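Participant: Following the hints, put chain B in place on chain A, whose structure we already have.
There are 2 protein chains.
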Amino acid sequence: MFEEKDSARTPVSELGEFKLIDHLTKHFKIHHDTTVKGIGDDAAVLQPKDKQQWVVTTDLLVEGVHFDLSYMPLKHLGYKAVMVNLSDVYAMNAEAKQLTVSIAASNRFPVEALEELYAGILAAANGYKVDVVGGDTTSSTSGLVISITALGCAPAEKITYRSGAKENDLLVLTGDLGAAYLGLQVLEREKQVFQVNPKAQPDLEPYSYLIERQLKPEARKDVPKLLDSLKVQPTAMIDISDGLSSEILHLCKHSQTGCNLYEEKIPLDPQVMATCEEFELDSTTIALSGGEDYELLFTIDADDFPKIKGNPNLTVIGHMTAASEGSHLITRANTKIPLIARGWDGMSQEEN
Amino acid sequence: MFEEKDSARTPVSELGEFKLIDHLTKHFKIHHDTTVKGIGDDAAVLQPKDKQQWVVTTDLLVEGVHFDLSYMPLKHLGYKAVMVNLSDVYAMNAEAKQLTVSIAASNRFPVEALEELYAGILAAANGYKVDVVGGDTTSSTSGLVISITALGCAPAEKITYRSGAKENDLLVLTGDLGAAYLGLQVLEREKQVFQVNPKAQPDLEPYSYLIERQLKPEARKDVPKLLDSLKVQPTAMIDISDGLSSEILHLCKHSQTGCNLYEEKIPLDPQVMATCEEFELDSTTIALSGGEDYELLFTIDADDFPKIKGNPNLTVIGHMTAASEGSHLITRANTKIPLIARGWDGMSQEEN
Chain A
1 MFEEKDSART PVSELGEFKL IDHLTKHFKI HHDTTVKGIG DDAAVLQPKD
51 KQQWVVTTDL LVEGVHFDLS YMPLKHLGYK AVMVNLSDVY AMNAEAKQLT
101 VSIAASNRFP VEALEELYAG ILAAANGYKV DVVGGDTTSS TSGLVISITA
151 LGCAPAEKIT YRSGAKENDL LVLTGDLGAA YLGLQVLERE KQVFQVNPKA
201 QPDLEPYSYL IERQLKPEAR KDVPKLLDSL KVQPTAMIDI SDGLSSEILH
251 LCKHSQTGCN LYEEKIPLDP QVMATCEEFE LDSTTIALSG GEDYELLFTI
301 DADDFPKIKG NPNLTVIGHM TAASEGSHLI TRANTKIPLI ARGWDGMSQE
351 EN
Chain B
1001 MFEEKDSART PVSELGEFKL IDHLTKHFKI HHDTTVKGIG DDAAVLQPKD
1051 KQQWVVTTDL LVEGVHFDLS YMPLKHLGYK AVMVNLSDVY AMNAEAKQLT
1101 VSIAASNRFP VEALEELYAG ILAAANGYKV DVVGGDTTSS TSGLVISITA
1151 LGCAPAEKIT YRSGAKENDL LVLTGDLGAA YLGLQVLERE KQVFQVNPKA
1201 QPDLEPYSYL IERQLKPEAR KDVPKLLDSL KVQPTAMIDI SDGLSSEILH
1251 LCKHSQTGCN LYEEKIPLDP QVMATCEEFE LDSTTIALSG GEDYELLFTI
1301 DADDFPKIKG NPNLTVIGHM TAASEGSHLI TRANTKIPLI ARGWDGMSQE
1351 EN
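Just so you know, the sequences run in chain order A and B. Going by the working numbering, 8 is the number at position 8 of the first sequence; the sequence numbering is gapless. Add 1000 to the 1-based position in the second sequence for the working numbering, that's all there is to it.
With the rest of the complex left out, here is chain A (with noise of 0.2 angstroms):
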């Protein structure tokens, strides 16, 4: 996709490796006072302010496995690699402070290609006011590899663990479910068609929340603050990367309880509805097992509800219950299903 925007194809080796870095690189911006060197040293140094911890994330993102450059434009691709990992450190209620970003690519991608994927990470780090400090950029024998490391930090007892949800909880999401997942689906069937017919003019328009959803995906920045301002402190969070079901089934094992999820609570945005009935899918399977939404899933206590009643970010879908009770879902024929891992992505595990 890249390659047709534009002509020019500066091969790396000419650049040469040490004026690519800094090529890349020159845009990028400290924002925070706690990065006390970024990139430039054999490491990145790092102050910690009073009382608060850091955490930190790390996922690395395959082409070929995680992504498919054929419908991916670059710039989006960066920008996504940025939000996966920040959606970890929100989902930690904590707030996002520095990255690394480590790159290996082929000779297929010249420096042109490799300037559409840092503007992208630039526009992420800006965006979202992280300081990019390190990273290592380098050769692949074929196709592209994204390493990111993303720190944050937050006073201890605000830290949100998978762990915390007692029985009774409130199980709460963030936004809406399946979007990207269908947006996905859409770019697959326009890729088939394209291949069949380069000339044929499709019309998107139906499903731009959900292509927007898969290519530009946001990480939940707001809602650490938003939970802060409203004093709700979550007992348990989690961020929906594999799907619904596989998170909540996450809450309830580190948690060691069981949840009643509702069927008929699970926010559905328009576009989904209406893709999945031109698709004949079935809209609660997508958002159980589609992925790739980075909302937030957070548990809190029963006696915050009046607290984030009415507010048009947060949906009430389920309670926690005791783990003998196991995890369920209660449909909307009011029948009792067990709640089953079936992520998106079945090829990558992360270890946090």
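Errors might be hidden in some of the hints.
[Claimed, not checked] Within a straight-line C-alpha distance of at most 27 angstroms, the following computed DSS-like cross-link-like pairs (lysine-lysine) qualify: (1) K49(A) - K1026(B); (2) K1166(B) - K1029(B); (3) K1166(B) - K19(A); (4) K307(A) - K231(A); (5) K51(A) - K1049(B); (6) K51(A) - K1029(B); (7) K158(A) - K1029(B); (8) K1049(B) - K158(A); (9) K129(A) - K1049(B); (10) K1158(B) - K253(A); (11) K158(A) - K26(A); (12) K49(A) - K1049(B); (13) K1336(B) - K1253(B); (14) K1166(B) - K1309(B); (15) K26(A) - K1253(B); (16) K1158(B) - K29(A); (17) K1026(B) - K253(A); (18) K49(A) - K1166(B).
Just so you know, the hints here were simulated from the structure itself, not pulled from any lab data. Because the structure is a prediction, the values reported are computed rather than measured.
Facilitator: Quick look at chain B alone, frame taken from chain A:
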């Protein structure tokens, strides 16, 4: 190599990704009270110590670019991948504390191969007392990629940058140089001999030190402690990953100094000298450009010389000059030739 060692070949798909991670990481121990939460949540959580700063560094190792599995056993590769990162932490004069480890591997690698790789990572983590606090394990379409991020800490006044050297400071090196590069040459030669005659039994004893430096390098964890006990605060420091000349030039550039390096002072192991003769290589060129030695190079105030004099771990190899004087090698014949950066690995460049 690992495929010959063990006939068992369990595909990753058979174990399942969730169980794979539990399986691979179950032996990791937590050594530090700064690690509040390791593997198992959206992010690891770290507790800073009073008045300590954190350092963060990351490296990406790609099969076919940074390593060749035909002579690098996977266990050694895991060990070395950790050393490369720890070396950067020690080069800040800091103590290494935590690691994240991300792996992408194609289906060419069965569970037993990943076990070998993790066994090397575990040996390094235990030997150097660092906590593996997170990571990511994913499939790749071809080959093996290892991305490691290392964290460490030290009081702010101990942390040593590349930029602090002053005119007349002494240039000091730990250990000796050139062995890792020559080890690689020996292994490359044996690989070619093996391809011609698989029954050849090479005698590698004369190269044992060289091969060990290539296949099982050790990072200089001892040096920050040694300097502390000698009450020496280095003014600038860097680790030798790309070759002495390139690293000296980094120090000069960041510190805005020149330097004089004395050829006769460069420490070489007897095996390095003998093998250079055999291969008809100039030992000074190998020391200057060889790379992968993971020794530390630092500068100290000349007044501190009595504190390090005679220490068998440390060699004064030159001194810093005014930037206007440039950076030179003073040869045994007492001629002065400009230092040129010519690293061993022109294909990779770290940002920190």
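Participant: Determine for every hint whether it applies to the structure shown.
Facilitator: Verification of the hints:
no., hint, verdict
1, K49(A) - K1026(B), "violated (33 angstroms)"
2, K1166(B) - K1029(B), "violated (42 angstroms)"
3, K1166(B) - K19(A), "holds (26 angstroms)"
4, K307(A) - K231(A), "holds (8 angstroms)"
5, K51(A) - K1049(B), "holds (10 angstroms)"
6, K51(A) - K1029(B), "holds (26 angstroms)"
7, K158(A) - K1029(B), "holds (26 angstroms)"
8, K1049(B) - K158(A), "holds (18 angstroms)"
9, K129(A) - K1049(B), "holds (26 angstroms)"
10, K1158(B) - K253(A), "violated (43 angstroms)"
11, K158(A) - K26(A), "violated (35 angstroms)"
12, K49(A) - K1049(B), "holds (11 angstroms)"
13, K1336(B) - K1253(B), "holds (19 angstroms)"
14, K1166(B) - K1309(B), "holds (20 angstroms)"
15, K26(A) - K1253(B), "holds (18 angstroms)"
16, K1158(B) - K29(A), "holds (26 angstroms)"
17, K1026(B) - K253(A), "holds (18 angstroms)"
18, K49(A) - K1166(B), "violated (31 angstroms)"
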